[in-house]
Amino acid sequence: MLRIIGGKVYDPANNINGVIKDICIANGKIVADVDAGRTIDATGRIVFPGGVDIHTHVAGAALNFARAMTPENQRTAAKFMHTADTRAGIGGPTPTTFATGYLYAGMGYTTVVEAAVPILSAKHTHEELRDTPIVDKACMLLMANNEIVMDLLEAGDFERAKQVVAWLIWAAKVYGVKAVNPGGVTAWKWGKDAKQLHEPVYGYNKITPAQIIGGLANIVDQLGLPHPVHLHCNNLGAPGNVATTLETMKVLEGNRAHMAHLQFHAYGGDDWHTMRSEATQIADYFNKHKNLTADAGAVLFGNAVTITADGPWQHLLYQLTGRKWGNLDVENETGCGIVPYTYKGSNLVNAVQWAVGLELLLLIDDPWRIFLTTDHPNGACFWRYPEIIHLLMNAEVRKERVKKLPAKALSRIVLGDLDRQYSLYEIAIITSAGPARALGMPNKGHLGVGADADVVIFNENPDGEMMFRYPRYVIKAGEIVVEEGDIKNPHDGREFIVKPTYDEKIEDYLKPVFQSQYTMSFENYPVELERAHHAEVRPV
Amino acid sequence: MITLTLKQQPTVPLEAENICPDVVAGLTHDAVRALPVYHGKRQCRLDEFFDVGQAFQPDGQAGKPNLRTDEATELEIHGDCSRVKWIGRGMTRGRIKVVGNAGMHLGSGMTGGVIEVTGNASDWVGAEMKDGLIRIHGNAGGQVGAAYRGSLAGMAGGTILIGGNAGLEVGMRMKRGIIAVGGVVRDFAGLQMKGGTLVLLGGAEIRTGAWMFRGTIVSLKPIKLLPTFSYSCEYEPSFLRIYAKHLRTLGVTIPIDGGMYQRFTGDTSLPGKGEILVWQAQS
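Taken in sequence, the protein lines are chains A and B.
For the first sequence, our numbering begins at 1 and goes up steadily by one.
For the second sequence, our numbering begins at 1 and goes up steadily by one.
Quick caveat, the hints were computed from the structure, so don't treat them as lab data.
Misleading hints may appear alongside valid ones.
[To be verified] Straight line, CA to CA, 30 Å or less: simulated BS3-like cross-link-like pairs of lysine-lysine: (1) B:K221 <-> B:K245; (2) A:K192 <-> A:K206; (3) B:K221 <-> B:K130; (4) B:K224 <-> A:K344; (5) A:K408 <-> A:K344; (6) A:K195 <-> A:K288; (7) A:K324 <-> B:K273; (8) A:K123 <-> A:K499; (9) B:K41 <-> A:K488; (10) A:K79 <-> B:K41; (11) B:K130 <-> A:K344; (12) A:K123 <-> A:K505; (13) A:K344 <-> A:K79; (14) A:K324 <-> A:K408; (15) B:K224 <-> B:K41; (16) A:K79 <-> B:K245; (17) B:K41 <-> B:K7; (18) A:K399 <-> A:K324; (19) B:K245 <-> A:K324; (20) A:K206 <-> A:K488; (21) A:K408 <-> A:K29; (22) A:K404 <-> B:K273; (23) A:K250 <-> A:K195; (24) B:K224 <-> B:K273.
[Stated by the list, open to error] Facing chain A, a subset of chain B residues (Cβ under 8 Å, in silico): (25) N139; (26) Y148; (27) R149; (28) G150.
Just so it is clear, CB atoms sit at the ideal spot from N, CA and C, and this is done for glycine as well.
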């Protein structure tokens, strides 16, 4: 049992804005009162619900490939020495599993969503998540280039497609459905991409990316999954892709959807020389359409490693940089590309990208629908979130940084004109309450009675970066895991899994298709529930 | 000056990045003896493997227990240290003299100072160094001045002089600086070179300059070139006069008069803008 007294509490989900009140914890939950146990005096400090990262890449085959591909990053990465409480590891752009847990918890984040899991390598992902301590985890399943699902959608057999998707979700033991460059990754297997939403996918007769997006959004909504379709649009990163993004949003009318790393999808211009920010256009549309949520996918200058299922884009990025390129083919399901990348403040394109991420966070007026992410490790490492928070909270600092951008970039962005400053209340929304609500996790992101006891205590500091980088206390599931800045007694987190209802007979259809197309046997395909550590299954 | 004498040959390589002027500067004799070194996974004291001599004052008298910083920036190491790794890692100043052999990663990432080895050195001499001078009187291993695996660039400045032969991938991905090798270098000298100068006084084995992007390789002996290098001209490069003058002060002589250099450009498979200059004495 634990009582936190005297702290200024920010709990947006319960409309508590900087009120001094006690928080009581028993059995891993927030309770109304406790009569014994330890008391933490948080007088003069700030109390937040634990952070929720709605979109990150922290485990699985692709990330492991990236770790292996970038020994130069590992050499200079922060070292985590073995102690009585913690395992050894390294930080850097692609931290090792244990270090990932310590880094997230050390920053006050207690729930993370691994946003790209192919079914075929889901076992590996669950194994790595098992070794990612402290934080609770959930996975998004890559679905928009699954050829079995695409064949069914093309044949107009929506009902069976829905059954297959439901079966696959349970087979992979995941929480939601992710769509990456719908149709584009399938086309990539022919060396092509899917740049037009309403043209048939290469290799198919009829089905278009728009139909895949609409179909999946419908399936997810009809299945009643807690989180809507998690969408990485077509034409990521390309100048002028704002048209595709807006068109995609129109396709999604009538469905819920989460637009992942929106920053990478809000560019105007015709080529790299004329690329400009279209954050205003995206934000205008987005503000009017309440069926959508988004995460920023903001970029910070420095070293990054880009990892995505978007194979064709990664090949283009490789040609642009001339650096290393990794490409993975995941049979009939998806692909994957890896390219190390350095965002430079002196580079026009990178400067525009940096601005777009912040512009979206500032121009989208409802903080309950836009969340803080960097699409780790694509835009920047997750442990750099406090730098973004500082920029959001302080218009002066932001404007000083804008002045240092290349002169050419200034006419292509609107960031310099934005005066909005985030309050602590709003920061608590975009880092915790908002993403928890969008994920449909009723026990996360708030401090009301019955919520999971994930609580963070910060020292109040006008320098938002210092404040959010070094929380004084982090309490996860009622246990103190960070005390005065030090990790102690790290325990294992849980994994959230949904179990949609489906007709068992769908296996009669799937099995023969599977046996003729896949390299593994049907029986070995699904992930056993035991493989997901501390699984918490939610039937829907 | 502090003298270290190897008294026990390590059974597995000893990781001794603390044998570095920056580390020992200002330490007491006891503190130097207690510096940690890694023998495999085991952390040991420096004096388990080395006799640590007392520092000497400039007048030759045995020093006081507390060394002064400027005295401690010189180290002399005696013995066959071919199993002692990382000597002078990241050093910024001072001087190390190894009387004998040195192990892998000698002077890796150094940014200043001088290292001299009277015997042979192993692989990765001066890898990713930024400035300073390394002089090996004997042979060196592979990857001299190279980029570590995965890094974009190798040495970014400074000078490495090798009296004898050198191994594979000498100057791999080097960006700036000079490497001069007295003997023969093995395959892939100047692999993926991005800049800087590689002087081969004794010629090279095969695939010299493969994938080189920029930079200059000077060979005083005829060498076998890749088919992706094309002949451009025969000339007397004026910049080499300046280089020759500079190298002469370091004891390396490259000819300027009495012949011409044949210039080959490549590696055109990239396409690179590097050059290989091959000396042609006048017959």
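Going through the hints against the structure:
Distance check on the hinted pair: K221 of chain B and K245 of chain B sit about 20 Å apart at the alpha-carbon level, within 30 Å; holds. A threshold of 30 Å between alpha carbons decides the hint, and for K192 of chain A with K206 of chain A the separation of about 16 Å falls inside it, so the pair holds. A hinted pair counts as satisfied when its Cα atoms are at most 30 Å apart, and K221 of chain B with K130 of chain B qualifies at roughly 29 Å. Pair hint K224 of chain B plus K344 of chain A does not hold up; C-alpha atoms about 40 Å apart against a cutoff of 30 Å.
Of the supplied pair hints, the one linking K408 of chain A and K344 of chain A holds, its CA atoms being roughly 14 Å apart against a limit of 30 Å. Proposed proximity of K195 of chain A and K288 of chain A is supported: the alpha carbons are some 26 Å apart, at most 30 Å. With a CA separation close to 21 Å, the supplied pair K324 of chain A and K273 of chain B stays within the 30 Å bound. For the given pair, K123 of chain A sits about 17 Å from K499 of chain A by alpha-carbon distance, which is consistent with the 30 Å threshold.
Pair hint K41 of chain B plus K488 of chain A holds up; C-alpha atoms about 25 Å apart against a cutoff of 30 Å. The suggested pairing of K79 of chain A with K41 of chain B holds, with an alpha-carbon distance near 16 Å, which does not exceed 30 Å. For the hint pairing K130 of chain B with K344 of chain A, the CA-to-CA distance comes to about 22 Å; that is within 30 Å, so the pair holds. For the proposed pair K123 of chain A and K505 of chain A, the alpha carbon gap of about 24 Å is at most 30 Å, so the pair holds.
Simply put, K344 of chain A and K79 of chain A have alpha-carbon atoms about 25 Å apart, close enough for the 30 Å limit, and the pair holds. Note on K324 of chain A and K408 of chain A: the hinted pairing holds, with a Cα-Cα distance of about 29 Å set against a maximum of 30 Å. The suggested pairing of K224 of chain B with K41 of chain B is violated, with an alpha-carbon distance near 44 Å, which exceeds 30 Å. Between K79 of chain A and K245 of chain B, the direct Cα distance comes to roughly 45 Å. Violation of the 30 Å bound is thereby established for this hinted pair.
At roughly 20 Å between alpha-carbon atoms, K41 of chain B and K7 of chain B fall within 30 Å of each other, so this suggested pair holds. A C-alpha spacing of about 35 Å is found between K399 of chain A and K324 of chain A, which places the hinted pair above 30 Å, so the restraint is violated. Between K245 of chain B and K324 of chain A, the direct Cα distance comes to roughly 39 Å. Violation of the 30 Å bound is thereby established for this hinted pair. With a C-alpha separation of about 56 Å, the suggested pair K206 of chain A and K488 of chain A falls outside the 30 Å cut-off, and the hint is violated.
Distance restraint check for K408 of chain A and K29 of chain A: the Cα-Cα separation of roughly 52 Å exceeds the 30 Å cut-off, and the hinted pair is therefore not satisfied. Pair hint K404 of chain A plus K273 of chain B does not hold up; C-alpha atoms about 33 Å apart against a cutoff of 30 Å. This hinted pair checks out: K250 of chain A and K195 of chain A have alpha carbons roughly 16 Å apart, not beyond 30 Å. For the hint linking K224 of chain B to K273 of chain B, the alpha-carbon distance of about 19 Å falls within 30 Å, and the restraint holds.
Annotation: interface hint on N139 of chain B violated; nearest CB of chain A at approximately 27 Å, more than 8 Å. For Y148 of chain B, the interface hint holds, the least distance from its beta-carbon to any beta-carbon of chain A being 7 Å, beneath 8 Å. The closest approach between the C-beta of R149 of chain B and any C-beta of chain A is roughly 5 Å, which is under the 8 Å cut-off, so the hint is satisfied. Evaluation of the G150 of chain B hint against chain A yields a held restraint, the C-beta minimum of about 4 Å falling below 8 Å.
In terms of the numbered hints stated before, the structure departs from hints 4, 15, 16, 18, 19, 20, 21, 22 and 25, listed from lowest to highest.
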